[in-house]
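Asks: Residue-level listing of the chains:
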Amino acid sequence: MSDTLQLTADGRLRHLLSIEGLSKPLLTDILDTAEQFANSRNSRGRKFPLLHGKTVVNLFFEASTRTRMTFELAAKRLSADVLNLQIAASSTSKGETLLDTLKTMEAMQVDMFVIRHEASGAAHFFAQHAAPEVAILNAGDGRHAHPTQALLDMFTIRRHRPDFSRLTVAIVGDILHSRVARSDIHALRILGAKEIRVVGPRTLIPAGIEDMGVTVFNDLDSGLKGADVIMLLRLQKERMVGAFLPSTGEFHRDFGLTRARLAKLPPEVLVMHPGPINRGVEIEGDVAYGERSLILEQVEHGIAVRMAVMAMILGEETRFASTARSDSERSAMDDRAGASQ
Amino acid sequence: MKSVLIRNVRRLDPQAGTDASGDLAFRDGVIVDAASGPFDEVIDGSGLWLMPGIVDLCARTRDPGATQKGTMRSESNAAFAAGITALCLPPDTKPVIDNTAVVIRVNRIAKAAGGAYVYMLGALTKGLEGDALAEISALKSAGCVGVTNGLAPVANALVARRALEYAASLGMTVHVVPLDAALANNGCAHEGAVATRLGLASIPVAAEAVAMRQWISLVEDTGARVHFGRLSSARGVELLAAAKARGLPISADVAAHQLFLTDAALEGFNAMAHVLPPLRSAADREALRDAVGSGLIEAICSDHQPHERDAKTNPLPLTEPGISALETLLPLGLQLVEQGLLSPLTLASRLVRGPAQVLGLPARGLAVGAPADLCLIDPSQEWRLQAAQMNSVGRNTPFIGTRFPGRATRVWRG
Chain A
1202 MSDTLQLTAD
1212 GRLRHLLSIE
1222 GLSKPLLTDI
1232 LDTAEQFANS
1242 RNSRGRKFPL
1252 LHGKTVVNLF
1262 FEASTRTRMT
1272 FELAAKRLSA
1282 DVLNLQIAAS
1292 STSKGETLLD
1302 TLKTMEAMQV
1312 DMFVIRHEAS
1322 GAAHFFAQHA
1332 APEVAILNAG
1342 DGRHAHPTQA
1352 LLDMFTIRRH
1362 RPDFSRLTVA
1372 IVGDILHSRV
1382 ARSDIHALRI
1392 LGAKEIRVVG
1402 PRTLIPAGIE
1412 DMGVTVFNDL
1422 DSGLKGADVI
1432 MLLRLQKERM
1442 VGAFLPSTGE
1452 FHRDFGLTRA
1462 RLAKLPPEVL
1472 VMHPGPINRG
1482 VEIEGDVAYG
1492 ERSLILEQVE
1502 HGIAVRMAVM
1512 AMILGEETRF
1522 ASTARSDSER
1532 SAMDDRAGAS
1542 Q
Chain B
165 MKSVLIRNVR
175 RLDPQAGTDA
185 SGDLAFRDGV
195 IVDAASGPFD
205 EVIDGSGLWL
215 MPGIVDLCAR
225 TRDPGATQKG
235 TMRSESNAAF
245 AAGITALCLP
255 PDTKPVIDNT
265 AVVIRVNRIA
275 KAAGGAYVYM
285 LGALTKGLEG
295 DALAEISALK
305 SAGCVGVTNG
315 LAPVANALVA
325 RRALEYAASL
335 GMTVHVVPLD
345 AALANNGCAH
355 EGAVATRLGL
365 ASIPVAAEAV
375 AMRQWISLVE
385 DTGARVHFGR
395 LSSARGVELL
405 AAAKARGLPI
415 SADVAAHQLF
425 LTDAALEGFN
435 AMAHVLPPLR
445 SAADREALRD
455 AVGSGLIEAI
465 CSDHQPHERD
475 AKTNPLPLTE
485 PGISALETLL
495 PLGLQLVEQG
505 LLSPLTLASR
515 LVRGPAQVLG
525 LPARGLAVGA
535 PADLCLIDPS
545 QEWRLQAAQM
555 NSVGRNTPFI
565 GTRFPGRATR
575 VWRG
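In order, the protein sequences belong to chains A and B. When you line the first sequence up against this note's numbering, it's residues 1202 to 1542, in that order. When you line the second sequence up against this note's numbering, it's residues 165 to 578, in that order.
So that you can see chain A by itself, here it is in the shape it has in the complex (with noise of 0.2 angstroms):
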């Protein structure tokens, strides 16, 4: 299971792959971090050299511009060398397997991997093969799991709404193909929400989803009907027509959020997109940058959650114990003690 993977003996972080099986206080941990990270970037700039002497190597098998730019400049703040490797699915069946590239670069003394591949389950298995010092992010595997993304749209959440107990959030969209949708709802029942919605024509929701905590709506309208916070996703291109939906139309029409959808809502309701979006399919141009929209507070907030959760798995003293590092290493522990208090 991944929380044997992911976790040290002791209960922290030792790779990031799924938020299934982390705890509350973990995952508040994490959030409380990345508070500080956030609180302290009114200096423009400033780095923190908590990675100082580290490598982190973004390995992306999957095109990403957003998470890959946030995840380069969490680790650059946090003062890591970095290197951006966006491998085309087909240069792994040249012949070379996914295990062969892991070891090529693990040879290069890389300390931490950011993943992200088509196939769910790929951080695991990057995990599982991984030489005990490297670790592993997980930055999107398949359908399965998006667990920075859940971070800091937990973070951005509770910046607005810190008692989750009182919480109504409904997530609209395609629930079958996202690894967002799904992190999001480990990540809120963890923090206790006290309803969890995903909202979607029958096409788009895979069975079984009630047993991860939630309640199933084929209409909107009811699915909003007392939320919080609507969480809104991305409708890949190659599923807006065919078998799935009959077209980005009539998505929008029985699915999209639009001024008018919303003006029903009481005005507190908070508006949430992983981005990019689609304007005109999940959601209106004029509601995504309006006033109860926090998608470009997302974006921001991706970047002191990442630097959270690598500084939380890189700069855990006992994490290197055994492997003896440069002085560079005991530096930044020492930074990272004077950052944090």
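Fair warning: there could be bad hints in the mix.
[Unchecked claim] Below, simulated SDA-like cross-link-like pairs (lysine to any residue); rule was C-alpha separation at most 20 angstroms, straight line:
#1 Lys1426/A x Val1500/A
#2 Lys1304/A x Asn478/B
#3 Lys1248/A x Gln1237/A
#4 Lys1304/A x Thr477/B
#5 Lys1438/A x Ala365/B
#6 Lys1304/A x Asp474/B
#7 Lys1465/A x Asn1419/A
#8 Lys1304/A x Arg473/B
#9 Lys1304/A x Ala475/B
[Stated by the list, open to error] Covered stretches of chain A (in silico footprint by chain B; criterion: 3 or more residues with CB under 8 angstroms from a CB of chain B, positions within the stretch not fixed):
#10 1316–1324
#11 1343–1350
#12 1453–1459
#13 1479–1489
Keep in mind the hints are simulated off the structure, nothing from the lab. We treat Cβ as the ideally placed atom computed from N, Cα and C, and that holds for glycine.
Dock chain B against chain A, hints included.
Replies: Chain B in isolation, oriented as in the chain A frame:
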């Protein structure tokens, strides 16, 4: 060994339907009167079971074509050591078994390998491509005991109907793995809460049910004999029961692992549990167990699919499906006996008599004059499966570390 006498052994004869202690002797590959000694070897059979050698309805040797996964020598001998004296090879070898030349070639390498006897299913369509009928008559004369398209889809219901008509006119059974390709949609897990949580592309039960309904309708039209292999669901069991109740010439088997594992085995992205048809829910497993207990499903097979390590070293959806299962077929059967689902004699029936009937093989019993295809079992020799001790080249099994109540201790082929 020319002649052997086994004394005071529990004789499980599924052909005669008898379960009684006694002696059994064989000489030159034929069962003889136990009083016709002397014998070269005398075995004390007390505490042991003796039954005819197992007939495995579906085992891939990977040879010819994919010898990095297994060879005829390794796999037929692994089968033999596990009590399987005859196995049925599906035609999805490379080249495909769709012409007599390949049948002759496979027969030759099987004979040279010297393990379990290898029966073959011929391809239903040329190259298993689903469009044009293979030369089924020629395949039959070359020795194929049935035809199948395996997991490869048949293009449409018209081709399926014609294939049934043609096979029926030759008296050949058509073996069908009921899995509608469109509904299976390249999924790798049972549609349900586990696949949803892990984000795995899923295969609904309807993939099996839709395929079964189509084939059953065509059997109603044609009267052709169809064997459904590797059932996985409760709904499949219901459809089978209804079809049999109407007197249709239909039989079915289940892979042993389906009687033990559910989709929960995929937790942690365990690629060893990635198999097609997929492991389903606990309710499905119970329905399959009941059907094996009642005899509605007449055979248990291994659905052996050995793989090299690389085939399973990937994120789960990218791994190749299949379990290396020869060496757990009888041991899992013994667990069914231990758990009270089957009597020892019924187990022998599901492993020997049922599959032999499906393939139309001569009766396999323990009577004098029958071929000495025999499996001597120690039902109380506990052991644990260890990868390093497996005979198959494929070590891909979710049962590593599992405790088994017993195993085959001696196996003979007449």
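Asks: All hints are to be evaluated individually against the structure, with a verdict given for each.
Replies: Hint check:
no.	hint	result
1	Lys1426/A x Val1500/A	27 angstroms, violated
2	Lys1304/A x Asn478/B	13 angstroms, holds
3	Lys1248/A x Gln1237/A	13 angstroms, holds
4	Lys1304/A x Thr477/B	13 angstroms, holds
5	Lys1438/A x Ala365/B	18 angstroms, holds
6	Lys1304/A x Asp474/B	14 angstroms, holds
7	Lys1465/A x Asn1419/A	19 angstroms, holds
8	Lys1304/A x Arg473/B	16 angstroms, holds
9	Lys1304/A x Ala475/B	17 angstroms, holds
10	1316–1324	holds (count 5)
11	1343–1350	holds (count 4)
12	1453–1459	violated (count 0)
13	1479–1489	violated (count 0)
Consistency note: the structure conflicts with the earlier hints numbered 1, 12 and 13.
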